[in-house]
Each structure stands twice: as structure tokens, then as C-alpha cells.
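Novice: Take a look at the letters that make up each chain.
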Amino acid sequence: MSSVARGRVRELMGEVMTAQGRSLPADDTADLREIGFRSLDFSELALRVEDELGDELNFDAPGLRRIATVGDVLDFIEQLQSA
Amino acid sequence: MTRRRSTALIGDDNTVVVSGKRLTWRTLHKLPQLPSPAAVLVDNGADALAALRHHAVHGTELLVATSSRVDERMREELGESGFAIVLPDGEVTPARLKRIEESGRAWLLTSGSTGRPKRIGHTLESLTTVTTDQPPRTWLLPYSPGTYAWWQVVTISLTQADQGLVVIEPHELEDWPSIAAEHGVTAASGTPTFWRQAIYRDADALADVPLEQITLGGEPVDQAILDQLREIFPKARISWIYASSEVGASIVVHDGKAGFPKSWLERTPDPDRPILSIDGDELVIRSPHHGAGLVGAVHTGDRVEYDGDRVLITGRLDSDEINVGGSKVSAGVVRNVLMGHPGVSWARVFARKAPLVGRMVAAEVVPNPALGPITDADLVQWCSSRLPDFGVPRRIKFLDEIPQKETLKSDV
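Protein sequences, first through last, are from chains A and B. Under numbering that gives the first Met the number 0, the first sequence is numbered contiguously, ending at residue 82. Under numbering that gives the first Met the number 0, the second sequence is numbered contiguously, ending at residue 411.
Please keep in mind that the hints were generated in silico from the structure rather than gathered at the bench. Glycine included, each C-beta is placed from N, C-alpha and C at the ideal position. Just so you know, not all the hints are guaranteed correct.
[Unchecked claim] Covered, in the sense of this in silico footprint (three residues per stretch, anywhere, with C-beta under 8 Å from a C-beta of chain A), are these stretches of chain B:
no. : segment
1   : 196 to 205
2   : 343 to 357
3   : 371 to 382
[Claimed, not checked] Some chain A residues flagged as far from chain B (calculated, every beta-carbon gap over 12 Å):
no. : residue
4   : Ser-2
5   : Ala-4
6   : Arg-5
7   : Gly-6
8   : Arg-7
9   : Arg-9
10  : Glu-10
11  : Glu-14
12  : Leu-79
13  : Ser-81
Please model the complete structure; the sequences and the hints are all you need to start from.
Specialist: Below is the structure:
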């Protein structure tokens, strides 16, 4: 399976935020709650990544983890693509 | 255990936490001059509880639902069926048809076979399926008002002693574990999506909630979510329930496994227990907790498949109502909002499979060529100011022309 590069995932995340009238900070340590990135936004990002991949992400494989920052989201999407 | 058949308001002094305020059922705010029959459309959980208590005390005829679930057409249909429509701001539209109320009747909306919600008649008694005495608990109430699952939780609190409630309003859903921990929630019922979101968001915060009873329902329950919850809450009782407005709570499984034992399909008939069977790949239930007029075998519209000695329930055979993480929205309502945008000529709204929330609202749109170009961000903003968050289409595809099927319909 091909993959969407981290930088591109970040761009897509920015598009999700823009569509919601917000902006994505450049800092990967930015707190998701503070920037208003919520579950629906996360789900939308996953769909955008899936659309670019032309394949579904496998959410069943990864273990439990905390997703609190922009970097966590990018790490998680990366992990999903290698699952 | 003693079995009661009474629906007396034994829980009237139970604690009810709404928007951080500790009240009781008895001290909840009152809705002035609620008509009967009434369809009370709410935009918050507190108003829904107040409407329910009013119904329980006065024996009125009530349908309670979130306003986003009931579109203009359904409001008209309700008016023509004798319901006054009470809007979230208190405005009342009198019923078009004058009729005598059905005293004590509670109406629920459920997804019909046509995909449009239909009304199912119950009473407080038929909705109160937990009738054995329960250990003292504080229940989380994250469900959308008026759904069967919502009625299940609120009737436990209203009819049993020592069953507190902590209401989670839609804007509090993202942060419910901290609210639950603060108010000592020991029992919580939610969809698998609800639990999955809580785990992905912050498993540590979830683990801080002193849960003794975890219940899943409203969507197919997979083994992965049961296992993840077991890992976080090794001592809690973890149950999944199959329930619907039509057949009530009909399958309750406590063994931590997805699906139910195949042997349950051959149980000796017992009038107090639902009889389960399979027709083709559809689950059929004959239930003592059924809605009015649904005596006998009910084809549930839910698809099943066998997995070894278990029967798994995998999803709806056919439905157009979109379930976004347990919050339901009418595709018709969303379509109407999109079509209300001056730059839109045609729209189709549908569910798209999505991680975390199970389904998301998606749309195909044909722009109005007479006006300037529109973007998906324009439409998202348009919808955001007119729909709840979960009803806003997140993936919008622009088409060049309106698709047409052989039937001359456009499949909306």
C-alpha cells in the first residue's frame, strides 16, 4: 500500500481546520483542545487521507494511546498507514 | 431479587446533574403549560428530562426528540396527527388535528424501513425494562433525548432508588470522562463509537472514572472494543445490549464477547423473555418489551452472521438515517439545508464509513451555474450555522450534472 507523507497529512489537517474557520499552528506540540481539533475533525482527516490513499485505514490494529497534540495526530496517522 | 411492575417515581429524589448543577428529578425546572399530546423538540438534555417528568407525573401524551432529528415535513405530519409542537425556545404550534389524548402514551422515533423515522408507541411501564432492584449507582446520560437508549437510562433513574444521573450535553461529549469522574459516575451506557472515541481521546482520563457497570448498545458491538474496555476496567461488569424502539431491550450479554450464543436461538419459550430467530440473514425477535401494535415476531432489519458458536449482529440491512457516533441526523434535513444555499442546484446526502464516529455525513452537490463558484468550505460554513456539528457534511463532492437513474429519480 502506498502512503501519504507526514507533510501532506499536515496539509490535509490544515484543510480540515480551514473548512471549520480555524487555522493549524506550525508547532507540532500545539494542544488539540486549545486549537479546537475535535473527534469529527479527526474523522474527517482520516477520510481525506483515505481518499488520497484510495484505501481504508485500519483502526483496529494500533494499541491504546493518548492523542493530545498535533504531533500525536500525525504520528497516529503514520502508524495507521503502516499497520 | 424482587421484581416490581410499578413505575412509581421512586427515584424522584435521585440526584440529577445538569450543566454542572446538582438537582434532583423533583427540583428540575418545570416546563410551563405543556400541552398534550405534545411533541417536545429540545436542544438540551435538561429540557428533555423536565418534559419526561411532566409526562410521568401528569400522564400526558408525549413525544420528545432533538429538534435536529425532526424535519419540517415530520413536524407537519405530527401536527396533522394531533401533536402540538413545542420548540426549544418554548414556542408552541397548536395541533392541526384536535383529538383526545392517549393518556400515558410515550412516543419514540425510530428509523423506519423507508429510512424516515416513524413513531413507535410505548408507555413509561413498557420502557422500564430494568425492574429488578439495582445496586446504588450514578449513571452517565450521554444519549440523545428521546431515543430508546435514553429512555432506558432515564427510566432506571426515575423508577429506582439510588440511581443518580449525570447528563452530558452535546457540547460536553468531548470531555465527558472528566465530568463523570468529578461527579462519581459508576455506570455508563454508550454506543461502541462513544467508547472508542473516549479511549482514543484520552484513555487515562477514561480510566479515572470509577466505572462498575459499562454498557454498549445502539450499534454493532465488536470484540476489539469489548477487549479494550476490559483492559482499562478489569473489575467492571461489561455488558452489551441489543435494544430497539420496536422490540425493546431484547438481548443482554455479560460474558465480554461480541455476539450472543447460538444456543439462544433454541431456548425454551418463556413469556417474560424475548424469542430470537433468524430469517435469511435478518434477526427476528418476538419480545415482551415490544412497542404498541408490535405483538408477535418483528423483523428487525438488522443483519446477522454466524461466527463459530456465536451470532454476530453486523448492522442495518437498509437504512438512510445517518448515525454519527450515536447521534442521529436525518439525511433529508441536511439535504434541505444544502439545497437552501443559493449556489446549490442539487444535493444528495449520504453516510460515509468513518473511523471513531462510525459514519459521517457526506454529500454530492451540483452547483448552480448561474452563480459564481462555491467551495466545500462555503457549504460547510453554511451548514455549520444551521445544523448540529455531527450533521454537517464533512466530505462534499462537486458533480457537473444532476445524476438521474432509470426510474427518473435522482436517488436522494
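Novice: Please go over all the hints and tell whether each is borne out by the structure.
Specialist: Against the structure, the hints come out as follows:
A count of 7 residues in the segment 196 to 205 of chain B with a Cβ less than 8 Å from any Cβ of chain A is obtained; the coverage claim is therefore met, three being the minimum. Under a criterion of three residues with beta carbons nearer than 8 Å to beta carbons of chain A, the stated coverage of the segment 343 to 357 of chain B is upheld, 6 such residues being counted. Check on the segment 371 to 382 of chain B: 4 of its residues sit with their Cβ under 8 Å from a Cβ of chain A, so the three-residue criterion for coverage holds. The Cβ of Ser-2(A) sits about 16 Å from the closest Cβ of chain B, beyond the 12 Å cut-off, so the non-interface label holds.
With a minimum CB-CB distance of about 20 Å to chain B, Ala-4(A) clears the 12 Å threshold, and the non-interface call stands. At roughly 18 Å from the closest C-beta of chain B, the C-beta of Arg-5(A) stays outside 12 Å, upholding its exclusion from the interface. Distance to chain B confirms Gly-6(A) as a non-interface residue, since its nearest Cβ pair spans about 21 Å, more than 12 Å. Separation of Arg-7(A) from chain B is adequate, the least Cβ-Cβ distance of about 17 Å exceeding the 12 Å criterion.
Here Arg-9(A) stays apart from chain B, with its beta-carbon at least about 18 Å from theirs, past the 12 Å limit. Look at Glu-10(A): its CB is around 15 Å from the nearest CB on chain B, clear of 12 Å, so calling it non-interface holds up. Against the 12 Å criterion, Glu-14(A) falls within the reach of chain B, whose nearest CB is about 9 Å from its own CB. Listed as outside the interface, Leu-79(A) is inconsistent with that label: its C-beta sits roughly 8 Å from the nearest C-beta of chain B, within the 12 Å cut-off.
For Ser-81(A), the condition that its CB be more than 12 Å from all CB atoms of chain B holds, with the nearest at approximately 16 Å.
The structure shown violates the earlier hints numbered 11 and 12.
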